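Peer 1: Chain by chain, the residues run as shown.
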Amino acid sequence: MLKSLRGYFSNDLSIDLGTANTLIYLRGKGIVLNEPSVVAIREETARGGRAVQAVGAEAKNMLGRTPGNITAIRPLKDGVIADFTVTEKMLQHFIKKAHGSRYFRPSPRVLVCVPYGSTQVERRAIRESAEGAGARKVYLIEEPMAAAIGAGMPVHEARGSMVLDVGGGTSEVAVISLNGIVYAASVRVGGDRFDEAIIAYVRRNYGILIGEATSERIKHDIGSAYPGEEVREISVKGRNLSEGVPRSFTLNSNEILEALQEPLQGIVGAVKAALEQTPPELGADVAERGIVLTGGGAMLRDLDKLLMEETGLPVVIADEPLTCVARGGGKVLELMDQHGPGLFGLE
Amino acid sequence: MTDKDESTGLSEQVEAFQSLPGELLSGARRNRGWSRERVAQELNLDLETVSALEEDRFDALGAAVFARGHLRKYALIMGLSPDTVLSAYDAVAAELPAPTGSPAPELADASTRRGGGAWRWFIAALVVVALGVLIWRISSNGDLPEPDIAAEGPGVLQVPVPSEPALSVAPQAVKPDVIPLPEPTQTEDQRSVTTETVVEPAPAPPTPVVGDDDTTAAEIEVMQAEAVESAPPPAVLTDTVRVELVFSADSWVEVRDPRGRRLIYQLGRQGDRRTIAGEPPLRVFLGFVDGVGITVDGTPLQVPAERRLGKTARFTIPLDGTPASRR
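Chains U and C supply the protein sequences, listed in that same order.
Residue 3 is where the first sequence starts when you use my numbering, and the numbers rise one by one after that.
Residue 7 is where the second sequence starts when you use my numbering, and the numbers rise one by one after that.
Just so you know, these hints were derived from the structure itself, not from any lab.
If you're wondering where the values come from, they're calculated on a predicted model, not measured in any experiment.
Honestly, I wouldn't trust all of these hints.
What the hints assert, rightly or not - Which residues of chain U face chain C? A partial, calculated answer using Cβ under 7 Å:
| hint | residue |
| --- | --- |
| 1 | Gly154 |
| 2 | Val184 |
| 3 | Val270 |
| 4 | Lys274 |
| 5 | Ala275 |
| 6 | Val318 |
We treat Cβ as the ideally placed atom computed from N, Cα and C, and that holds for glycine.
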């Protein structure tokens, strides 16, 4: 009863619980939180327990820079929960932060976006984690549907709309028509795989070990999915594996393009498979209007060019692709009151 | 508004008119010597779609996400700034009718439906007031109010305790006008008892309170008042039981008669002595049972161990003085 009373003073939330970033859309206010999905845990040897040291951006700054008693971890892997307890704590922190300072502990209705390919066990873990974080009611929506709605695609029309959401842990491709998913697939390739590929490339070709944060910075600065006219360079530092001392070296965008080939081909393969499986009428609609890219991975330079080249279809990038999923969830929360949770197959 | 402001606004309108996105793109294409077919090939678009972009027929492109996406890419291959073209598009799109049947309404009125305004605080205020009243009632009475007590009239709860003891007030001096009591209503059982006992009426109302030498006059008056409140009609006085409480330590004491009336309801101080009389069975609650000596009609009463809970005890006193559970 107290939970429902507190619910009166809590606004509904849409949460994009991503492997790399967690975004929260507060109903009526928009995106109010965009933080890395990272938690720093401190081991308390005196009491024999663990305590949360930092969450979000502060914790991310600790990645790879922590002393022995602090561990900065990412509790989600490949779009699903890898550490249930830490995820719950992280959600609790984010929900409280999203609501700002309140006299009551918030107890909102929460809509969480889950990967299309996640299993029932993984979905149950996400649901229970949100409930443990204080949500009084939890709804789940599949990420491609939320991404399409957030991008402003006409999902209600009797026309095929194809969306490709490239997240941190997974990439989801779906064909949507009449508020339902006609075909969808999820591949466990995303921004994290890009980072790993860059680390592996540098280690293999330079004999230098770089960290995750450095790899992500390289990807943001000179990462590219398609050869461009301009070659960009970046100077980075890493530990020389043979000498054991830090060394500085320079990478260029063509090298990163080469490094990213394997994960990029995974995404291209998923899109091609989706086009093969799409009914012809809907495929024709997609060919006419194009594929819409969403997610943080859509900001990788020239990813749209690569997909255009590989598929021969028009490809457009949605406005603010990083927030499409959370914004789409927010719109669904709006519609849920009018049409009920069954409109988009909410669980 | 000044003349300068008016002229600035006019110039912005003229600029917006001159920078329609289709005109910008088609002009750039002609400058480069490209055909529409070539643009369509570069963008993987139909020729019809390219024509719609250049002629500002954006409704033919479907949702805004497609129009904006195609315009951005078209601008890039023409070497134009995407922001300029999209700004021009936004100006045009603002005048376009909203697409019908969209499942996603605008979010501007999102907070109104949930009512983030005053009514939430009104409910919160009501809840706080209700909680405050509840806490006040519990803290002031120690228990929830019982309706039968209220029905008995104000005399029961308004027993005055004088700040200064009234001197030389004998028990017999208590008159009904000192503490006005309502006429007790007789139940069917009481009427029958009265009928049986009226044959030999009591010669005089027995003294309901027996005060000791060290009992102050004020205490006597309180005890008298309590006794008078709980005194049944004279015809049933033969069924009353007299309980004497001697406090060797501070203890809370509650005694209620079968109708729920409080015969005593207070903190007894060390050294106090209280005597009450009432119709049995009397329900007794003692806060510190070991600090209270109990005598029932002159017979000492030992509270059995099974009626104790920690330092407290709850039991009933029937006529024979044998304690029994109130439940």
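Peer 1: All hints are to be evaluated individually against the structure, with a verdict given for each.
Peer 2: Tested hints:
1. Annotation: Gly154 of chain U was flagged as interfacial toward chain C, and the flag holds, the nearest CB pair being 4 Å apart, inside 7 Å.
2. For the restraint placing Val184 of chain U at the interface with chain C, the shortest Cβ-Cβ distance is roughly 16 Å, beyond the 7 Å limit, so the hint is violated.
3. Given the 7 Å rule on beta carbons, the hint for Val270 of chain U is violated: about 15 Å separates it from the nearest Cβ of chain C.
4. Annotation: Lys274 of chain U was flagged as interfacial toward chain C, and the flag is violated, the nearest CB pair being 15 Å apart, outside 7 Å.
5. The beta carbon of Ala275 of chain U comes no nearer than 19 Å to any beta carbon in chain C, farther than 7 Å, and the hint placing it at the interface is violated.
6. The beta carbon of Val318 of chain U is positioned within 7 Å of a beta carbon in chain C (closest approach about 2 Å), and the interface hint is therefore held.
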